[in-house]
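Chains as they are written, first to last, in this note's numbering: chain A, 123 to 232; chain B, 129 to 242.
No lab work stands behind these hints, which were simulated from the structure alone. Ideal Cβ positions, reconstructed from N, Cα and C, are used throughout, including at glycine. Take these hints with a grain of salt, some might be off.
Derived coverage of chain A by chain B (criterion: at least 3 residues anywhere in the stretch with Cβ under 8 Å from a Cβ of chain B; other residues may be distant) [unchecked claim]: (1) 136-143; (2) 153-166; (3) 174-186.
With a Cα cut of at most 27 Å, we get these calculated DSSO-like pairs of lysine-lysine [to be verified]: (4) A:Lys166 to B:Lys185; (5) B:Lys234 to A:Lys131; (6) A:Lys162 to B:Lys183; (7) B:Lys199 to A:Lys163; (8) A:Lys162 to B:Lys199; (9) B:Lys185 to B:Lys234; (10) A:Lys158 to B:Lys234; (11) A:Lys166 to B:Lys234; (12) B:Lys234 to A:Lys163.
Simulated coverage check for chain B against chain A, where a stretch passes if three residues somewhere in it have a Cβ under 8 Å from a Cβ of chain A [unchecked claim]: (13) 167-180; (14) 214-221; (15) 232-238.
The residues making up each chain are set out below.
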Amino acid sequence: DTAVSQTPKYLVTQMGNDKSIKCEQNLGHDTMYWYKQDSKKFLKIMFSYNNKELIINETVPNRFSPKSPDKAHLNLHINSLELGDSAVYFCAAGTPYEQYFGPGTRLTVT
Amino acid sequence: SQKIEQNSEALNIQEGKTATLTCNYTNYSPAYLQWYRQDPGRGPVFLLLIRENEKEKRKERLKVTFDTTLKQSLFHITASQPADSATYLCARPHSGGGADGLTFGKGTHLIIQP
Chain A
123 DTAVSQTPKY LVTQMGNDKS IKCEQNLGHD TMYWYKQDSK KFLKIMFSYN
173 NKELIINETV PNRFSPKSPD KAHLNLHINS LELGDSAVYF CAAGTPYEQY
223 FGPGTRLTVT
Chain B
129 SQKIEQNSEA LNIQEGKTAT LTCNYTNYSP AYLQWYRQDP GRGPVFLLLI
179 RENEKEKRKE RLKVTFDTTL KQSLFHITAS QPADSATYLC ARPHSGGGAD
229 GLTFGKGTHL IIQP
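Excised from the complex, chain B in its bound form:
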């Protein structure tokens, strides 16, 4: 089965620094990976999608990379702020894609300290 592995332990980062979160996947490379943010008591919110043939994708202070050799995606938040504190989830298509939903990692709890 396809798996997504994230370090679910809390990651503490000082405000202003760059936070880097790791997502590793097993078996074949998915056509794309997605990153979501989840705040306590709320549903996940879509942030970015990166396709297999894209090395890097940016959106404001966010940057995502996709390395098919390492079977890994990195998620970066530059100039981090306390408001960035949340759990960040990595996801891949559940099976062949289409309307099958997503397989999520357990998420990384990010804490930005003032």
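Chain A with its partners taken away, still in its complex shape:
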């Protein structure tokens, strides 16, 4: 069973478009996260949600909006995509002491 799943795996789109990435976890954890890994492989926290409530928004443009319909899901909506948004986005679930990451979504903006 996949603990944290993301769809799609790859996403290629043009500048200005709006896209969404879905994330689901079957681990039963209250806290879910979104991370961004840039071309230099630097992994940075974007959002943290605990029990469907936003905990942190780490200086992310408001074009990015996470949505948590329930504890098992944390989706990421991105409006007006820009070239600089190209990266791999990872969803994670877990505790402060151990996190489980999804397989990542490679977003390419052309």
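With chain A's structure known, arrange chain B on it following the hints.
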């Protein structure tokens, strides 16, 4: 801001030898540090957590140390194997801990040569 520094250059080690990776942090000592492994095209996988008051933690062929004086953690893989080749990431709580996520270093790319 809290930072994690790792040597992101590739580290080449001969199979069977011990690989040692370094993680340095800035400002105050975190309550704990975590180590993750990341393979190409995959998400990071949790390996070990070491708390501030622990000097050393072991798990099979892995050993992690935490030196608050040097502001450093060392990650050792003994009897290294080609399958250990991956990028290893060090992480600390992003801010005060809790549900704030993690601050990661850039990772060290480890290559174990047969």
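To see whether the hints hold, each was checked on the structure:
no., hint, verdict
1, 136-143, "violated (count 0)"
2, 153-166, "holds (count 8)"
3, 174-186, "holds (count 3)"
4, A:Lys166 to B:Lys185, "holds, 26 Å"
5, B:Lys234 to A:Lys131, "holds, 23 Å"
6, A:Lys162 to B:Lys183, "violated, 32 Å"
7, B:Lys199 to A:Lys163, "holds, 23 Å"
8, A:Lys162 to B:Lys199, "holds, 25 Å"
9, B:Lys185 to B:Lys234, "holds, 22 Å"
10, A:Lys158 to B:Lys234, "holds, 12 Å"
11, A:Lys166 to B:Lys234, "holds, 10 Å"
12, B:Lys234 to A:Lys163, "holds, 7 Å"
13, 167-180, "holds (count 7)"
14, 214-221, "holds (count 3)"
15, 232-238, "holds (count 3)"
The structure fails hints 1 and 6 (numbered hints given earlier, in ascending order).
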